[in-house]
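Trainee: Residue numbers (UniProt numbering), protein chains in the order written: chain A, 1 to 402; chain B, 1 to 392.
Do not take every clue at face value.
Chain A regions said to be covered by chain B (calculated; three or more residues, Cβ under 8 Å) [said to hold, decoys possible]: (1) 115–129; (2) 254–260; (3) 290–297; (4) 335–343; (5) 376–384.
Read the hints as simulated data drawn from the structure, not as lab findings.
Where is the CB? At the ideal position from N, CA and C, for every residue including glycine.
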Amino acid sequence: MRRRFTVASAMVGAVALMTLAGCTTDPSVTDSSEAPESSEEASVEWFDQALFDKQNAERTVVPEGPDGQPWLQTINAELVDTAQFASTGPKKACFANASISNPWRQTGWITMNQQLKVLQDAGVISEMETRDAQDSDDTQIADIDYFIDEGNCDIFLISPNSTAAMTPAVERACDTGKPVVVFDRGVQTDCPVTFIHPIGGFAWGIDTAEFLIDNLEKGDKVVALRILPGVDVLEQRWAAAEKLFDEAGIEAVDYFTGADPAEIKKIISDELAKGDVKGIWMDAGDGAVAAIEAFEDAGADYPVMTGEDEMSFLRKWKETGLTGLAPVYSNFQWRTPLLAAQKIFAGEQVPVEWVLPQSPITAEEVDQYLALNEGMPDGHYAKFGGEDLPGYPQVWEDRVIP
Amino acid sequence: MTAATELRPSAGQRLAGLARTLISPRGAVFLLLVLLLVAIAVLNPSFAEPSQFIRFIQRVAPVAIVAIGQYFVIVGGEFDLSMGSVVTAQVVIAGNLIGQDESKALPVLALMLGFGAVIGLVNGLIVSFLKVPSFIVTLGMMLALLGAVLYWTGGAATGNPADGFREIGRGGIRGIPVIDILPWSVVILVVVLALAVWFARRPFGRTIIALGDNPTTARFSGTRSWWVKTSTFMISSLSATVAGVLLVGYAGVHPSVGRGYEFTAITAVVLGGVVLGGGRGWVVAAAAGAFALEALFTLLNFAGVPSTYRDAVQGAIIILAVAYSATTFRARRRGRALEAPVVPPPGAPPPAAAPETSPASGAKTDDSPETPATPAPIPSTQRADNETKGGS
């Protein structure tokens, strides 16, 4: 009896400590002002001057392609021939999805399914078999290998969970000779027929940091709320913003929140107790409302803030009248992979790197996007780009995950 | 160390007595809490302002309430690992079922309380009748609930419930002098704590402790152990439900709310000097443990500890605090069990006037003879020794 308790106690104790250590990583600080060495190293790791310059330039390029259909537009496209894949009849698509565990991915997933219906009706795609890796590299590698061995796929659509880990699996898919389309996060190989993504994280970081720098004074404090470390599209957002804040003399402190609103509120309350916080920078809009509420609860002035084009943030932004900007990581990109498949089977040229437009929603445009998406739930993304698809707006309003 | 061993003036003795209480396991958490709060206030004087401090209490309230619930389970000799996921499930239920319709707030609140009670009932019945260790039952419940939440939400945030419902966790009585606002969370925490203290003093509360201390004697004394055990699980699920209601208001709906709360609560309870395995501990100290933990996180926040070694600092402090409380408890128990004769084994030679600089060893030697003089705040009738525990 006693021994059982001792063993159980030891187990609980060990697990408790491990978990506690894990869950308390959320409010971790990389205080740029007080630990310059460590944050320098971190930013060096993700900062890529060439990519920064490329994306910075792409921000001002006028995209080519059909007007009003940004999901088909391209920036600086270098086209590749796909005649060898040309084929008639409905094809089976196999989609290895990283996850649908955040509102951005859920919105895109709904849009993608509506786009699929259009292409099924047009006789381009027979069916799409989807495997959800639930944020796990291992699961996604197994998913891709399953598709290769048993999926009977005509085309592979892959939204990688992480960059380096997924590269060999994507290469194996390429080796089958079937077309491979990668979108959202990238992989370290150019074997896919096309890699679809919006301009990217550095562009996001530049847009948001420039906005905050323009609206703040030198020496003002910005709290940066980041979801999680290690994902390239998110790290690049911060790497660009941190560099610009540094150069402009803005004091920026960054925290990892896991998008947990309770964590965000704690962080902001503590920061407000330490002193004035003039700006909030977010690497994704999930949790923006909690951040704003922390200012309300503390009775502090609203910060200058960058969130995302998630409806909850746009609504709170409008309601509070704060000085804000909604950067956009174009959600309509979820339509593009299926449309790319259509082009590939038709033997039409597609860009090797299909860079989609990505422009933030400014204070002048916010009313327009609020009106356009009036009945949409809080987790919906304003630039979801599905207005011309069947089921609009009901499918997105009901937000039933397919 | 009563008059028998020392003949010093009573003032100094009383001071020494107080110091001993503070370094004893039950007092240690309060000492730790005070030290942490003072450290925070030194680093950031505005923290000590009443209006700021009441906000700190508001923030800790959900964790403290979860710790109070976990206390009853642990003191009864079991664990509840499902608390965090109960919090998450309740948060998601509130967000999805209430929506923007304030008239649904009360029915859904009733549903949430019913749901919490049922979870506790299921946990308790499985532990009592199927004889599955609670560690496994509640671990399974945790996974089942998290899976259900994942299925329901897809793992992403849904909309927040109506502002009226969120007021419970977010708002308070405004316009009060000095503290500016008295958050409802603080009121609820005080009520829950008062109820818990009262309940622990009732015969039923004592039975829980007796059951945790020695199930065999508890059984022979006529305890319906299945019902006592089941009710502790129901208390913990209901307290998780209350915490969930507060968190929906404080933070909003997100599937990550409540994550890790079960372990935070267990750590808080252990930090409060409650013995894992049951039979010993004070509910107020468990709540103080929750405050100490949160104060520690806040302190590291204010101190600007770089992220690179912040977790290591947190982990080390928690291990030290828990180890300290465990060693003093063991020393005390041995000293009591063996009375005077063979004290040496546990540590330093006792007559050597215990080096007061080292609290651990000091407590070991000082504490043992002192035990009978400090009746534990626990109204346990049979405080004797865990050494006799066994029989099954």
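Trainee: Any hints from earlier that this structure breaks? Give me their numbers in increasing order, please.
Mentor: 1 and 4
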